[in-house]
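Peer 1: Just so you know, the sequences run in chain order A and B.
So in this note's numbering, spot 239 of the first sequence is number 351, and the numbers just go up one at a time.
So in this note's numbering, spot 325 of the second sequence is number 956, and the numbers just go up one at a time.
Calculated from the structure, these hints are not laboratory results.
Some clues are possibly wrong.
Stated by the list, open to error - Interface residues of chain B toward chain A, partial, derived using beta-carbon atoms under 8 Å:
no., residue
1, 963
2, 964
3, 967
4, 981
5, 983
6, 984
7, 991
8, 996
9, 998
10, 1002
11, 1005
12, 1006
13, 1007
Unchecked claim - Computed list of lysine-lysine pairs in DSS-like fashion (alpha-carbon distance at most 30 Å, straight line):
no., chain 1, residue 1, chain 2, residue 2
14, B, 1065, B, 834
15, B, 681, B, 781
16, B, 781, B, 764
17, A, 323, A, 242
18, B, 979, A, 323
19, B, 979, A, 242
20, B, 1065, B, 1085
21, B, 1120, B, 834
22, B, 1120, B, 1085
23, A, 323, B, 781
24, A, 323, B, 1065
25, B, 681, B, 1065
Each residue gets a CB set at the ideal place from its N, CA and C atoms; glycine is no exception.
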Amino acid sequence: MNEAKPESTPKPQSLGGRLRGVLSVPEVGVLIPLILLSLLFYALKPVFLSANNIAAILRAVSFVGIIAIGQTFLMISGAFDLSVGSTAGLCAIVCSYLMVNLQVPPALAVVIGVAVGGLVGLVNSFVVLKLGVPAFIATLGMLYIARGASYLISKGYTIYPLPESVQTFGLAEPLGISWSFLILIGLGIVADLVLRRTVYGRTLYATGGNKEVARLAGINTNLVSMSAFVLVGMLAGLAGISLMARIVTGQPQIGQGWELNVIAGVVIGGVSLFGGSGTIAGALVGLLLMQVVNSGLVTVGVNPYWQTLSVGVIMILAVTIDLIRRRAKIQAS
Amino acid sequence: MESASLLEMNHITKRFPGVVALDDVSFRVREGEIHGLIGENGAGKSTLMKILSGVYGADSYEGELLLAGKRLALRSPHNARLAGIGVVPQELSVIESLTVAENIAVGQYNKGGPFVDPGVLRKTIAAFLASFKISLDAGQVVFRLTAAQKQLVMIARALYANPHVLILDEPTSSLSLNEIENLFGILRSLRARGVTCVFITHKLTEIEELADAVTVLRDGRVTGVFQRGAFTEADLIAAMVGRKIENLYPQRATPIGDAEVLRVEHLTVAHPIIANRNLVEDVSFSLRQGEILGLAGVVGAGRSEVVNALVGRLPCTGRILVDGREVRIHSPQDAKRHGIALVTEDRKVDGLLTNMTVRPNVTINSLPLISRLGILDARGETRQAAEFCGRLNVRTPSLEAMITNLSGGNQQKVILARLLLANPRILLMDEPTKGVDIGAKNEIYRIMVDLVSKGISIVMISSELPELLAMCDRFVVLAGGRVQDEFPKSEASEYRVVAAATRTRGAGAGGGANGRS
Chain A
113 MNEAKPESTP
123 KPQSLGGRLR
133 GVLSVPEVGV
143 LIPLILLSLL
153 FYALKPVFLS
163 ANNIAAILRA
173 VSFVGIIAIG
183 QTFLMISGAF
193 DLSVGSTAGL
203 CAIVCSYLMV
213 NLQVPPALAV
223 VIGVAVGGLV
233 GLVNSFVVLK
243 LGVPAFIATL
253 GMLYIARGAS
263 YLISKGYTIY
273 PLPESVQTFG
283 LAEPLGISWS
293 FLILIGLGIV
303 ADLVLRRTVY
313 GRTLYATGGN
323 KEVARLAGIN
333 TNLVSMSAFV
343 LVGMLAGLAG
353 ISLMARIVTG
363 QPQIGQGWEL
373 NVIAGVVIGG
383 VSLFGGSGTI
393 AGALVGLLLM
403 QVVNSGLVTV
413 GVNPYWQTLS
423 VGVIMILAVT
433 IDLIRRRAKI
443 QAS
Chain B
632 MESASLLEMN
642 HITKRFPGVV
652 ALDDVSFRVR
662 EGEIHGLIGE
672 NGAGKSTLMK
682 ILSGVYGADS
692 YEGELLLAGK
702 RLALRSPHNA
712 RLAGIGVVPQ
722 ELSVIESLTV
732 AENIAVGQYN
742 KGGPFVDPGV
752 LRKTIAAFLA
762 SFKISLDAGQ
772 VVFRLTAAQK
782 QLVMIARALY
792 ANPHVLILDE
802 PTSSLSLNEI
812 ENLFGILRSL
822 RARGVTCVFI
832 THKLTEIEEL
842 ADAVTVLRDG
852 RVTGVFQRGA
862 FTEADLIAAM
872 VGRKIENLYP
882 QRATPIGDAE
892 VLRVEHLTVA
902 HPIIANRNLV
912 EDVSFSLRQG
922 EILGLAGVVG
932 AGRSEVVNAL
942 VGRLPCTGRI
952 LVDGREVRIH
962 SPQDAKRHGI
972 ALVTEDRKVD
982 GLLTNMTVRP
992 NVTINSLPLI
1002 SRLGILDARG
1012 ETRQAAEFCG
1022 RLNVRTPSLE
1032 AMITNLSGGN
1042 QQKVILARLL
1052 LANPRILLMD
1062 EPTKGVDIGA
1072 KNEIYRIMVD
1082 LVSKGISIVM
1092 ISSELPELLA
1102 MCDRFVVLAG
1112 GRVQDEFPKS
1122 EASEYRVVAA
1132 ATRTRGAGAG
1142 GGANGRS
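Isolated chain A, as found in the complex (with noise of 0.2 Å):
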């Protein structure tokens, strides 16, 4: 039995081939229209493209980007969090709190602020792994929990004012942007690297493409889901205390909405709701398209209402065109 070996070489091929091969890479898919669409709002209006409304749009995108990639890991691992958007509110309140009202030295109140998320994931895991309440209800009960849990410590109010270093932090605009866009940077290239060089980023792949092919591969399944529940937390209450520096106060409204857009974002970007398959680039250029959609309208000046009805319909565009290439994709091999 040694006669047909895979062959390694690869062979020549046609353009089309090529072209195709191009466009089976997932974040082409939303390139594209992200390209096509930033070329349209400049042609309607040059400023769009302008350094200033670049710099607004990265960093509108990087605290939900942020987040983007703790939900990318847990959706290839096969679940999705709804309460991330509550969550960043929560930490973001706990970690104002304790910088206002108990005096905590700043870096000690981020410290727990994002500890706290990380609690959060850990109770979804447990409620969703070994309850066995699915995803959707167990994060969506906590979506409401972690908001009340906000307004309860702020009594619905605002704290401020916060310590200095947090403004200086917040207000800087490293690089004309911002740091929390830099912290985007490196945690997605450090998160790309995690899921194709790592035996972490497998387990994630294969816990979500099939669980119990997984287990029979002798991973810890729930440990590798459990992983991810915390980890999105984690970077939810990172994401929650950004923006709270951002503003400079801790408001209990923080992240409200923010769980869909994550959702949405990350699945215009080619990862599955499924599990089993999706990028970090895919998910990050998801998000942008959409930020970018939104900016775009302002700048020409549409009913801010058609915004909320415009990402509605390319989130369901992009999963078509995504679901169209994949049927492509198996008949052409």
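Following the hints, complete the assembly by docking chain B onto the known chain A.
Peer 2: For chain B alone, kept in the frame of chain A given last:
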């Protein structure tokens, strides 16, 4: 021409982009016969049937289709049904929540206007079933039925439309031995009533037992048409694979070792839902080094439950000894640590990482081997995957091809490569050749013989008795979750296996907890 053909397909050519799926195929079925259509996976059987059942419309292929002398131009499956072609597809497609009667009449309720009277429907269907001697309760809800009974529902549904010709696409793939016998009985009685059947299969024994005539397809061409009594098994195999498979069942050249590698004592697996009932009860057996042990029995006898309990997927009681030392196996991780690996029964359900390529599918059980400090070694991974794919002769365009694009046989070899890369000592194989063509079966048998010569021990489960009898050194027959018989190859016979496997059927099988046999 001896007798008139009821169904004729003349010079059918069907092209897909880049592939000729059917090349000038002619297929004739005489009235009242059971006509076998046999061929390996990918030979074109399904394509031919999709043309016949209207899935591929009349303008998508070349050639002509005649039924009772009339030319048909089918446009849809509905069209085909109206024309008198009844199809029983391979996959069970029943509506679990409806009754047998509703499932059979589905799509044909409206004989009396928009309202359905369940009482009348049930009586009509009961009479219909009785007329065909099919023993199903028309009022029973389908989810309570066994796979075999659901298969009968599907056949009855096709018959209910009163077709000229009934097409059965691999109807036995999910049935156990005596269920197959029962199905064959029904098909024979249909033949006696003059119903014409096309019976698609890749099992030679079924053709020999049932078919009046057989057409063999290979690579989209007809490579043989035989009448009953005018062919041997060797003729069929030669027509199917285009070459002679010298010995379908290779035999071991090395002796079985002396060491007892695995010993199972009083293994009991409780029913997950029903209290006081056991799926496996008090099962004991042992396995020597380099031995192939066959677990025989009908589907549902507890065979799969035994091997799944041994890899920690099902909670069980009893003792498991590896190399004479008692081990505790609570999870697949534990089993893996003790060198026990499982080839699962249904690779689509729990065998493949379907949205990944070949490479990670091979290496997923051996991540420590291809990484250092948690970082994957891409080159090492590719090397290991290539080596094991080569060793098991996996045919794939590349290691980066999607696993789903491989044939069933090659997918199964990828799963074997995955398990072997992790270096197991005991291999549990649950239906390792299910849905695999005969060439790949032969390769899998060769791999098994090669493994045992290297000292790996195998427990094999198979519903195909000939392969089980040929491949195993010793047999343990289960029925109703209990061991009914155990014997070495020298005493094995089909009769002895079937006798033991059916010993407690009916009376004892349901209540495995009481009544020792």
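Peer 1: Hint by hint, say whether it matches the structure.
Peer 2: Hints versus structure:
Against a cut-off of 8 Å between C-beta atoms, the interface hint on residue 963 (chain B) holds, since the closest Cβ of chain A lies about 5 Å away. Hint on residue 964 (chain B) holds. Least Cβ distance to chain A is approximately 5 Å, under the 8 Å limit. At about 4 Å, the closest approach between the beta carbon of residue 967 (chain B) and any beta carbon in chain A falls short of 8 Å, and the interface hint on this residue holds. Nearest Cβ of chain A to the Cβ of residue 981 (chain B): about 4 Å, under the 8 Å cut. The hint holds.
Evaluation of the residue 983 (chain B) hint against chain A yields a held restraint, the C-beta minimum of about 7 Å falling below 8 Å. With a cut of 8 Å, the hint placing residue 984 (chain B) at the interface with chain A holds, because the nearest CB-to-CB distance is about 4 Å. Restraint check, residue 991 (chain B) versus chain A: the minimum CB separation of about 7 Å is within 8 Å; hint holds. Here the hint on residue 996 (chain B) is kept, as its CB sits about 4 Å from the closest CB of chain A, short of 8 Å.
The closest approach between the C-beta of residue 998 (chain B) and any C-beta of chain A is roughly 5 Å, which is under the 8 Å cut-off, so the hint is satisfied. A cut of 8 Å between beta carbons decides the hint on residue 1002 (chain B): the least distance to chain A is about 5 Å, and the hint holds. The interface hint given for residue 1005 (chain B) is met, as the beta carbon of that residue sits about 5 Å from the closest beta carbon of chain A, less than 8 Å. For the restraint placing residue 1006 (chain B) at the interface with chain A, the shortest Cβ-Cβ distance is roughly 6 Å, inside the 8 Å limit, so the hint holds.
Hint status for residue 1007 (chain B) relative to chain A: holds, with the closest Cβ pair at about 5 Å, below 8 Å. Proposed proximity of residue 1065 (chain B) and residue 834 (chain B) is supported: the alpha carbons are some 11 Å apart, at most 30 Å. Between residue 681 (chain B) and residue 781 (chain B), the direct Cα distance comes to roughly 22 Å. Compliance with the 30 Å bound is thereby established for this hinted pair. Pair hint residue 781 (chain B) plus residue 764 (chain B) holds up; C-alpha atoms about 16 Å apart against a cutoff of 30 Å.
Under the criterion of a C-alpha separation no larger than 30 Å, the hint pairing residue 323 (chain A) with residue 242 (chain A) is consistent with the structure, at around 15 Å. A hinted pair counts as satisfied when its Cα atoms are at most 30 Å apart, and residue 979 (chain B) with residue 323 (chain A) qualifies at roughly 12 Å. For the hint pairing residue 979 (chain B) with residue 242 (chain A), the CA-to-CA distance comes to about 26 Å; that is within 30 Å, so the pair holds. Taken as a hint, the residue 1065 (chain B) and residue 1085 (chain B) pair is honoured in the structure, with Cα atoms around 25 Å apart against an allowance of 30 Å.
About 23 Å separates the Cα atoms of residue 1120 (chain B) and residue 834 (chain B), which keeps this hinted pair within 30 Å; it holds. Our distance criterion of 30 Å between C-alpha atoms is met by residue 1120 (chain B) and residue 1085 (chain B), whose separation comes to about 21 Å. Restraint check: the Cα-Cα separation between residue 323 (chain A) and residue 781 (chain B) comes to about 28 Å, which is no more than 30 Å; the hinted pair holds. For the given pair, residue 323 (chain A) sits about 22 Å from residue 1065 (chain B) by alpha-carbon distance, which is consistent with the 30 Å threshold.
For the hint linking residue 681 (chain B) to residue 1065 (chain B), the alpha-carbon distance of about 23 Å falls within 30 Å, and the restraint holds.
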